[in-house]
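Colleague: Below, each chain spelled out in residue letters.
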Amino acid sequence: MAIRVNLITGRTIQQGVSMEAGKEKPAYTAACGIIELDPADFKKLGAYRNTNVRVTSSYGSVVVKAVDATQGPHPGVAYIPMGPWANMVVNPNTYSTGMPTFKGTPVEVEVAKTEPVLGSLELVRKGCRGELA
Amino acid sequence: MTKTVTDVICPFCGTLCDDLEVVVSDDGKELYEVYNACAIGAEKFLHSQAKDRITRPRMRQEDGSWKEISYDEAIEYTARMLTDAKKPLMYGWSSTNCEAQAVGSEIGEAVGAVMDNTATVCHGTSLIAVQDIGIPSCTLGEIKNRADRILFWGCNPAHAHPRHMSRYSIFPRGFFTGKGHTGRKVIVVDPRPTDTASLADIHLQVEQGRDYELLDALRVAFKGEKLPDVVAGIPKAKIYEAAETLKSGRFAIIFFGMGVTQSLGKNHNIDEAIAVTRDLNEYTKAAIMPMRGHYNVTGSGQVWGWLFGFPYAVDLSRGFARYNPGETTSNDLLRRDEVDAVFVLGSDPGAHFPFSSVKKIYNRPSVAIDPHETPTTEVCKVHVPVAFVGVEIGGCAYRMDNVPIETRKVVEPPEGMMTDEEFLKRVLGRVKEIQGV
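Those protein sequence lines, which keep their order, are chains Z and G. Using our numbering, you'd call the opening residue of the first sequence number 1 and step up by one each time. Using our numbering, you'd call the opening residue of the second sequence number 134 and step up by one each time.
One or more of the hints may lead you astray.
[As the list claims (entries may be wrong)] Derived, one-sided and incomplete: chain Z residues facing chain G with beta-carbon distance under 8 angstroms: (1) Ile3; (2) Asn6; (3) Glu20; (4) Pro26; (5) Gly98.
Simulated from the structure, these hints should not be mistaken for laboratory data. Just so it is clear, the structure is predicted and the values come from calculations on it, not from any experiment. Here a beta-carbon is modelled for each residue, glycine too, at the ideal position from N, C-alpha and C.
Work out the full structure, taking the sequences as your base and the hints as a guide.
Modeller: Shown next as structure tokens:
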């Protein structure tokens with residue numbers, strides 16, 4: 001079953017540290033290839049913590065790991081740290097300001113246990129070549 | 134034996150901490166320890182020592198593999214790409230020093246490029262708002278010594294500017310703020326109860342994207358006028374309380390971040406935040422400051438400010454500087470197919486632009502100048518590794534409050550590695566040769 005939430009992105013300290021340590025490393029995927037969900041939304045989704053989920057918006061789709069909100073509660077709001085995973089689904093429209101709408105994208109989240117979370121380089125490479133599901 | 138270099142500047146965020154201590158080998162070739170830095174800053178210094186670091190330029194082959202090339206070949210490719218293009222985009226500029234930014238601007242002028250920096254996805258909308266209605270700001274030193282009301286709006290320094298609170302905003306004891314954090318009141322406005330919010334006296338958990346309404350409500354509350362029962366998910370009693378707290382201080386400072394610049398409303402949110410500051414000055418002293426992300430994004434705005442008159446999104450393709458956010462900004466240009474080559478230095482749009490823009494970079498001649506391997510280098514045709522500014526080469530950087538600080542070199546770059554400035558100077562020379570000027 002899928003749930004609808006409002007997606008925001010931004011920095012986390014783990015994102016910053018793993019970014020400086022190398023975006024090609026698994027630690028970067030562990031820090032940013034995630035979606036932080038509120039316990040109430042987990043309940044609605046009917047999923048265990050640390051399950052892979054597919055996040056889909058009108059602009060794209062990406063597989064990330066669903067984890068508990070670290071800075072919650074924020075029911076109805078989901079958080080993917082800034083990075084290539086979040087940028088697969090955020091609203092790219094700038095509405096004549098130059099600034100894509102990185103915060104406040106309505107997304108659908110559904111369980112995708114068997115689909116892998118790709119590393120940052122692989123995700124971008126496959127996306128550019130049109131090899132993503 | 135080792136030696137300790139003191140008063141080192143941290144080249145990570147706009148806080149530009151200047152009290153780091155770095156332990157290096159006697160010959161200055163290896164870096165062992167970093168003291169006083171936050172986790173992110175320390176990692177940046179330590180990663181310069183990574184054994185798997187890429188030290189020579191590489192070019193993408195037909196089959197998708199990388200081939201090592203010389204710096205000369207990389208310079209040739211870059212100069213050719215820029216001179217062949219009708220309207221190249223030269224993006225990034227925030228993780229390098231002002232000296233390199235100045236050389237880059239000269240190249241941009243020579244080839245008729247669009248120059249844009251990371252403000253375009255960060256505080257670009259703040260810059261638009263400042264041009265709309267001005268900004269009453271101050272330095273971080275004034276905040277440390279005077280501010281007793283601290284408002285963080287849509288920013289989370291506990292994660293993004295980890296030492297900001299201990300050095301300037303919440304905890305330090307200053308000349309007129311001798312009681313440190315006990316003498317200050319902290320308000321945090323954020324749709325999540327963030328780690329910064331956990332330090333606040335008042336947390337307003339605003340409904341995401343309703344910042345404009347809440348800012349407006351604060352202005353109403355300052356004047357003691359009537360409010361609806363709930364605004365942006367916040368009960369009116371709490372808004373009045375926050376307004377009173379701000380008015381009762383001797384010096385209020387509003388810090389704002391991506392929560393307001395990237396949510397719908399964008400520059401209008403900042404307009405309103407600046408208007409709140411202006412209104413607050415009727416009752417007490419108040420100032421407002423953007424929490425700038427990259428350590429020298431402010432500097433690139435300064436450099437272009439004095440060279441071209443605009444802080445970002447500068448279109449030089451007509452032979453003079455034009456600026457029109459929404460038209461001359463990177464994401465709009467890429468998505469509308471209005472640029473035919475992409476040059477990236479000191480930033481990672483591959484990771485931090487919406488994917489629809491990243492795809493456009495992949496489909497064009499492109500060069501990425503970056504010490505790291507990143508999603509940008511993954512989609513570009515040529516990757517040129519360079520020395521880390523602030524670690525392996527010094528140079529000027531501007532702190533988030535527009536104070537210039539000279540960064541320091543603490544360790545030698547890997548042998549034969551060029552710096553941003555050296556590489557750009559060589560490209561500029563080659564561009565001039567090709568153009569015959």
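Colleague: Run every hint past the structure and note whether it holds.
Modeller: Going down the list of hints, with the structure as the test:
1. Evaluation of the Ile3(Z) hint against chain G yields a violated restraint, the C-beta minimum of about 16 angstroms exceeding 8 angstroms.
2. For Asn6(Z), the interface hint holds, the least distance from its beta-carbon to any beta-carbon of chain G being 6 angstroms, beneath 8 angstroms.
3. For Glu20(Z), the suggested interface contact is upheld, since its CB lies about 4 angstroms from the closest CB of chain G, less than 8 angstroms.
4. A hinted interface residue such as Pro26(Z) counts as satisfied when its beta carbon comes closer than 8 angstroms to some beta carbon of chain G; here the least separation is about 14 angstroms, so the hint is violated.
5. Interface restraint check: Gly98(Z) against chain G, minimum CB-CB distance 3 angstroms, threshold 8 angstroms, status holds.
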